[in-house]
Structures are given as C-alpha cells and as structure tokens.
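Whole structure, please, built from the sequences with the hints as guidance.
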Amino acid sequence: MIIVIKPDASEEAIEQLKNSIQDQGLIVQDIKGGNARMLGLAGDVSNVSPDTFSRSDIVESAFKVREPYKLAGRRFHPEDTVVSAGTAKIGGGHFAVIAGPCSVESEDQILSVAKDIAKSGAKLLRGGAFKPRSSPYSFHGLGLEGLELLKAAKQKTGLPIVSEILSQNHLDAFAEDVDVIQIGARNMQNFSLLVEVGKLKKPVLLKRGLSSTLEELLMSAEYLIKGGTDQVILCERGIRTFETATRNTLDLSAIPVLKQKSHLPVIADPSHGTGHWHLVEPLALAAVAAGADGLIIEVHNMPHKALCDGQQSITPEVFHHLMKKVNRVREAIKE
Amino acid sequence: MDNHEIIQKVRAGMDTVDGRLVELLQERMTLVDQIAEAKRAENIPIADEAREQQIIEGALKIAKDEYRGEVVTFIRTVMGLSKFRQRKLLFDGVEEVLLPPPRKPQEGNLVVAYQGLPGAWGEQAALKLFPEGELKGMKTFKDVFVAVKDKEVSYGIVPIENSKTGAIGETYDLLRKYGCFIVGQTYVQAAHCLMAVPGTKISDIREVLSHPEGLHQCAGYLKRRTWDLTECRNTAAAANWVAEKGEKRYAAIGSRRAAELYGLEVLEDNITDDQSNSTRFITIADEPEYDSSCDMVSITFRTSHRSGALCEVLFHFMAGGINLTRIESRPMIGDKYCFFADLEGNIEDDNVQRGLRHAAASCGYLEVLGCYPG
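Taken in sequence, the protein lines are chains A and B. Our numbering puts the first residue of the first sequence at 1, with every later residue one more than the last. Our numbering puts the first residue of the second sequence at 336, with every later residue one more than the last.
Incorrect hints may have been included.
[To be verified] Partial pick of chain B residues on the chain A-facing surface, computed with a CB cut under 10 Å:
| no. | residue |
| --- | --- |
| 1 | 406 |
| 2 | 513 |
| 3 | 514 |
| 4 | 515 |
| 5 | 636 |
| 6 | 638 |
| 7 | 701 |
| 8 | 702 |
[What the hints assert, rightly or not] List of simulated lysine-lysine pairs, DSBU-like, C-alpha gap at most 35 Å:
| no. | chain 1 | residue 1 | chain 2 | residue 2 |
| --- | --- | --- | --- | --- |
| 9 | A | 334 | A | 324 |
| 10 | A | 115 | B | 512 |
| 11 | A | 115 | A | 18 |
| 12 | B | 484 | A | 119 |
| 13 | A | 325 | B | 512 |
No wet-lab data here; the hints were simulated from the structure. Note that the coordinates shown come from a computational prediction; the quantities given were computed from them, not determined experimentally. A virtual CB, placed ideally from N, CA and C, is assigned to each residue, including glycine.
Set out below in structure tokens:
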C-alpha cells in the first residue's frame, strides 16, 4: 500500500503515523524521488483498508499496490539502486562486466584468467568454488580451497569476487571472503537460504530460476531485501522453452521488463543463457543493447579442458574482442 | 688449409645457415599472424598442447638420432615465441605490464612491521633497513602481510632464506597469496647468545628455549650438553619467558639485544655453529618501489605439468643473458608446483623485459614480485 502525505503535514505527525503503522506489524519506508511525500507499506496488508489512512488529516490519499513485491518494486523506490562491491559499481548508469571460469580449478588457471579479464576491462571476477551440478558424478568444485584461490586472485588483481553459495553451512566463509554472493538459478526459491543470505547485508547476485516468472524472481529479491540487504543484482540467465538448439532461451525481454518494474540493476548471462560459446558474443551484445546494466560471462584459459561448462566458455582472447564490441554497442545506444 | 682457414670457412657456412634460419623464423611468424585471428574466431586457446605435441613428433621423425634433444628444445623455443606473438596480436599489441609503475619510497613517520617481539632477529633486520622507523612486532608472518596490504604499516620485514637451513616456505606461500611487492632486502647474521637470569652458572641450566631455527643453528653446541630443548614462537619470546620465569634452571638462545631488553645475562656469546650463517630478510610493500639503481628482480611463475615445461621457461632467461641467482619451488593444490626465482638485472632493462615476456608466454602464469637493490 502507498500513502500520499499532504504537503503541509508536520514531521511529528508523519512520525506518529509511521509508528502506528509499525505497531500493526507492517514495514513502512519513505519513498524517495517522487513529487509528493509518500510512505510505502510492506507486509501483510490484505486486512488493512486504505480508508483507515485516508481519514487521517495529514493523508492526501491511500491506495493498494497491485504487485506482491514492494521493497524490490519501483513504486516504493523510484530511483535506480547502485550496487557497490569493492571497486565495482553496477546499476544507475554504472555498467560492469563480471567474468571468469565456471569453476575454480587451480591456482594458475584462476590467476591467469583474472589477470587477462582485468586487462580487457572486466570489473569483477566470477568463479565457482561450490558447484551445483545436475549429476552427482560431475565435478563439484574445490570448496573452501577454491575460495582461498579466488582470494589470492583478488589480492593480485584488485577485482572483487562473485561466487555462488549452495548451503547455509558456508555463510560465515562467504560473509568474510566473497564480495558478491551469487544465488544460483536452482536456489532462486530456496527461501530459507535467501533470508539467511539477506541477513549478511552484502551484495547479492540473484539468478532467475530456469522456469520462474519475473514476478517470482522479484519475490525472491523481496526475500533478500526483507532479510536485510538492499544490494541485489537481478540476472537473466535463460529459461526452459521447447527450443533445443540452445541450452536455455535467453529471455532478453526480461531486461527492460525488470528495469521497468524494479529499481534493482539487471544483468544478463549469455553463457548459461545459450550454452554455446559462439552464441555468447551476439547475445551479450543484444543484452547490452536491450539496456542491461552488466553481463556475466564464462571465460576459461582452456575451454576444451574445463571441468565444467567448457562448451559455453570463451578464451581470454575472445573475451577481449567481445569487450571491444560491447563498448561500441554502449556507445551506439547512448542517449 | 690451416686451422684458422678452416674456422673462417666453417664460420662463413654458419653465417649462411643462420641467415636462412632468420628468414625462416620470420616466415613462420607471418604464418602465425594468420592463424591467431582464426584461432580466436574458433575459440581455440593460443596454447594448444595437442598441436604442439604433433609438431614435436613431426620434427622428431625427420631429426637424426643424435640431435633429437636439440631439435625438441629448438622447436619448443620457436613455439614459445609464436605464442608470445599471437598473444600480443590478439590483445591489440598491448604489452603486459610486468611491474606497475614505482611509487616514491615512503617518507616521514614510517611504521615498519616484523614478526616477533623486540629483540627478535626480524627486529634487527628492520632496524638495519629502517633505523628511524617505528617498529611494530606482529604475532605471525601472515599478520605482517595483512598489515602491509591494509596499509596499517608502511613496510613489512620477513625472512625469506637462511644460508644454512634454506628457504622459509611460509614467506613464499604468503608472497603467493598476497599481492605484496618486494622493495628491498638485507642480510642479518644470527650471532646467537646463550642467556639466563643474572647470576646463573652454565651448570645451573636444565632447559633451553628458542625458536626451532635458533635451536637448529646451534645444534652442534647443544649436542655437547644434556639440556632439554623447548621450541618457542620466536627467540625474543623465549628470552621474555625466561626473564618472567626468573629461575636459574632456564636459559634462552637469541640475540644480544634480546638479553639486554629482557634483563638477562649473556652466559656465552655467539654459539652459532656456522659463524657465517646469515638470514636474508626482504622488505615488502603494497606498491612497488624501484629505480635505475636496482639490480635484482624476483618473480614467481607456474608451469604446466609436462616434461620440459620448466626448461622452456628458463630457456628464455638464457636467451636474454639473464643470470638466475636462486630458484625455489613450492607445492600448490592439485600436485602442481609454483616456482620462485631471483634474477640479476633491472626490470627496465631491455633484455630483462624481453626475457620475462617470452618466459610469461611459455608458462601458465608469471608475475614480477619486485625490483630492488641486491
């Protein structure tokens, strides 16, 4: 629900109103960026009628918000959110590319990839230490040792780290070592994990589930924000359709839709979105043209030998070339 | 024909062959230029080990038995240079930054971290390098690295090798993990003393405390006695402990300065077995510092796990006329090894730059740790 406050209302009266709303067990927050002073109400408002507030002297009007997500929605937060992680910023006009191998395999692999992508203009380093794999027999990552190697790469290149968390058991390690915690597509609706990760108050990269609607994605972001972090990056990584030529169908329309409905930065993952290295570049460029605030791309020094997702990883040389084109597209769509 | 004439004649023949080799090398390089672009278009890495193996096998088929080794080294070197060339092309000719530009040496109130308590050998090294500095003892080597990286201190001092016991592995591992740079070095001669509370006679002593390295370096002296030996975190901590205990049955091994600081009496001076024993300490900083007077470069690199991989990297130092003064290996996870090397020269020297760039292209990862006066 949104309450529009009359222009002549005193701060004291507004404060009183806010307290009375909180007493009903609801979350209340100021909505910045609009012309009139407004309050946003989140929580279970199903039994609360707008009329209760309209009667107040200081209230101009009160109306219910149709969307189930409030904190993640633009109505409560018209201004773009800028997510900051270390030296990198994403959203609100800041564009950043996240790159790195699907999984951390060895010290030389992660260090050489990190050094190369930094040279080509990536702003963050991705690397899986814990990998969710469809098969229990596949490589599942180096675990905490992988995090150590990512840390070494960060020390040497200055690139902040993005890595996926799989279980609540690792919250402490991620809280300390990882700059942006990734919630993978398969965990997008692991609500208890979302709440716990939200509590860490750190930047989170939330990937869209492979069969989730955009509303469901935003509801998951709502969990994170309600949990405690306002630093959430939304990521379109492809959804399941009847098409078999690609691993998933990268839903590019999600980018402008999410940006319209939410204040959170939106990035695209053309690597998982397509599943084939030669489709990474065209879809990366299309995502940038569609208004993405960033990209997340899998780069491996030896894709054919990668222990995970080699067929969709590109070499550092291909990435260098892609970055040049990305910059040209950004230049072209500048207003 | 006398020998001089023979030499002249053969040399003329060699010049012709060398001229042909140069032409052929350049011809191969132009082919390399054509393939680089195509490899990128097909997402094929510059280093293609299967293809390299094919080339080697092909060369060995036509090589005479007695030249097999030379042919493999020659071909591998040519391939190393090709990889360097391809990388350069695909990254728009931008040369790798070997070492970030130097900052000016820190001035003013310098805070210098070392591991241990006042009186430790690390403090002696710090005093030698920064007589005016405010010295700060840290619990562990890692604490020193973290303090430098977090800019809590201007410099850190850590031991890297001992002339008798060899490399200090922990320091190498920390250099691997933290992005710290080496900006200086010094040698400290560990002239260990035996110390105890004033009035103690040698015959009163039952137990001797020191850092394991201290006990190790005085092993010959200690062998002649029947004292119990106890290891401590560092030599100064041992002296401190003996002073606090205040009993004549305890003695510590450490520096004369430690004895003075903790009010102990030196019972025997310089009991180190090998009088020339010295420990090399390095100064670490969070940014590199160097100028034209520096004559030592430290690097670390990782090679792939196959025969000749290390040799191939080292070859480029030979080709560049660079003298390696030290090489050290440390294990990494996955049964792989990481190498550290010290070379003579300055990072701005043409041959050093070329050698390092070529070496970097023929190994998985190479990083320059610093350039400093040797």
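Checked hints:
The interface hint given for residue 406 of chain B is broken, as the beta carbon of that residue sits about 26 Å from the closest beta carbon of chain A, more than 10 Å. Taking 10 Å as the C-beta contact cut-off toward chain A, the hint placing residue 513 of chain B at the interface holds, the least distance being around 5 Å. Because the beta carbon of residue 514 of chain B sits about 4 Å from the nearest beta carbon in chain A, less than 10 Å, this interface hint is met. Using the Cβ-Cβ criterion of 10 Å, the hint placing residue 515 of chain B at the interface with chain A is satisfied: the shortest such distance is roughly 8 Å.
The beta carbon of residue 636 of chain B is positioned within 10 Å of a beta carbon in chain A (closest approach about 9 Å), and the interface hint is therefore held. A hinted interface residue such as residue 638 of chain B counts as satisfied when its beta carbon comes closer than 10 Å to some beta carbon of chain A; here the least separation is about 8 Å, so the hint holds. At its closest, the beta carbon of residue 701 of chain B sits 9 Å from a beta carbon of chain A; the interface hint therefore holds under the 10 Å criterion. Taking 10 Å as the C-beta contact cut-off toward chain A, the hint placing residue 702 of chain B at the interface holds, the least distance being around 7 Å.
Using a Cα cut-off of 35 Å, the hinted pair residue 334 of chain A and residue 324 of chain A holds, with the two alpha carbons roughly 16 Å apart. Between residue 115 of chain A and residue 512 of chain B the CA atoms are separated by roughly 14 Å; this keeps the pair inside 35 Å, and the hint holds. The straight-line distance between the Cα atoms of residue 115 of chain A and residue 18 of chain A is roughly 51 Å, outside the 35 Å bound, and the hint therefore fails. Of the pairs offered as hints, the one joining residue 484 of chain B and residue 119 of chain A holds, with about 22 Å between alpha carbons and a cut-off of 35 Å not exceeded.
A distance of roughly 34 Å separates the Cα atoms of residue 325 of chain A and residue 512 of chain B; the hinted pair therefore holds under the 35 Å criterion.
The structure shown violates the earlier hints numbered 1 and 11.
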